[in-house]
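A.B. asks: Could you build all of it, start to finish, from the sequences and the hints given here?
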Amino acid sequence: MKIHFLGGVDTVTGSQHIIEANGKRVLRDCGLFQGKRKEADLINRALPFDAKSIHSMVLSHAHVDHCGNIPSLVKKGFQGPIYTTTATSELCSIMLRDAAKIQEQDAAYLNQKSNRKGLEPVIPLYTNEDAEKSLPFFRGYRYGDTVEAAPGMAVTFHEAGHILGAALTTFELVEKGRKLRVGFAIDLGRNELPLIRNPEVMKNLDVLVVESTYGDRLHDEPGQAEEQLFQAISKTIARGGKVIIPSFALERAQEIIFHLSSLVSKKRLPRIPIYVDSPMAAAVSKVFEMNYDYLDDDIRALSNIVGSAIEPPWVHFIGSVEESKTISDADTPCVVIAASGMCEHGRVLHHLKHGITNPLHTILIVGFQAQYTLGRRLVEGETKVKIFGDMFERKAEVIVLNAFSAHADRNDLLNYIGLIDPKKVFLAHGETDQRTSLAEALRDQKTGDVFMPVKGDVVEL
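Heads up: the sequence shown begins at 1 in the working numbering, then just goes up one per residue.
In short, the hints are calculated from the structure, not lab data.
Beta carbons: idealized from backbone N, C-alpha and C, even for Gly.
Heads up, a few of these hints could be off.
Derived DEER-like restraints, expressed as beta-carbon distance ranges [stated by the list, open to error]:
# : residue 1 : residue 2 : range
1 : G23       : D293      : 20 to 30 Å
2 : G307      : K386      : 36 to 46 Å
3 : S234      : V454      : 43 to 53 Å
4 : E148      : V454      : 50 to 60 Å
C.D. replies: This is the structure in structure tokens:
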């Protein structure tokens, strides 16, 4: 019995782990690595294993750093089932098509530059056709369901408290009469989030592989998110500015809409224009509406008041590029929610290009920003940033709201791991400082043997 730590180990993107038993290999997640363009492209094109050797795949959730390289996996010869929750399967049909569109658009943009320089053409990582070919392999299950992912490898799905459909997974391994329970808590969410139920505590684990994204810091409480949002918007509107919110189209956009719906229903927020400029966020919101049984009581209660807390009548979902351009050109007070969340692509770049030099405007950061992304540079206070190849002086105010995170913070992680009390803990999905800090705290807490694997490690269990 082995675990192969192949991606998303000492970084927070590109999650890939292989669980091996009885001569069979099951892949858990196949995500895109995100960061510097050239480095990311090289990593994403070279899967660190033979796709044909994978018996089946278990998918935790529909964020692209966990599912986004599935089309490459299938393209390279994987033919097994992909086990996940029903909601994740539905979301992946949106996310993978969108990821393919981005790959094709990026390649087309780079080829325009390459043609002028006489360079070799850039081939997209995968195409929409590749994404479409991967979708029939998905198999949807409910929380609590158990499936045999391979002989002697039973997998159970548990509520992750992270995003719609996200699952923690328990692998019950049996090999040559020996039994072992291995749990994966990547990604692990938080208690008391407004849309999603709390994470389930996995039981009787021998081994826990757990994220460490925020292993060295604490978040503000989720209950503070709405007030923080209100204060930031009110201040900006009062000075005549626009609020630009780079947002993940999946979960974060819906969470922001939920809080805005709550503020409007309480008459705390004036009826200013609120735009969701992301066709993918609009499509994801439809999936939320069809999966209310996955959601928390808070959203049900608010929907009873306003009709729909995810698609309220005062929120305008923008479809056409022309309408998007009109909004980005305007300087009147409004709220614009646009993807992508790390400001690396998507319509948010156009809004930033037109708004970043205006001191009246606010750029509201509501999610994790990976190293080398434009979002991280904004968070770190850089005043000169490049957008679409041009340099801009950042004069807009940047506000970071920490209450919105859907990842467990240091205390959440310590408490969750302590409740399980596994014999061995492997820390992954975190940068070096975060993993090191959490490892020290766990050793002080005397919670099992703690390990920090590096990419490429193969651990005998």
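A.B. asks: 20 to 30 Å was suggested as the range; check whether the CB atoms of G23 and D293 agree with it.
C.D. replies: violated (38 Å)
A.B. asks: Against the range 50 to 60 Å, how does the distance between the Cβ atoms of E148 and V454 compare: consistent or not?
C.D. replies: Violated, at about 31 Å.
A.B. asks: Please check whether S234 and V454 have a Cβ separation lying inside 43 to 53 Å.
C.D. replies: Since the Cβ atoms of S234 and V454 sit about 46 Å apart, the hinted range of 43 to 53 Å holds.
A.B. asks: Return holds or violated for the Cβ distance of G307 and K386 against the range 36 to 46 Å.
C.D. replies: holds (42 Å)
Checked against the numbered hints listed earlier, the structure breaks hints 1 and 4; every other hint is satisfied.
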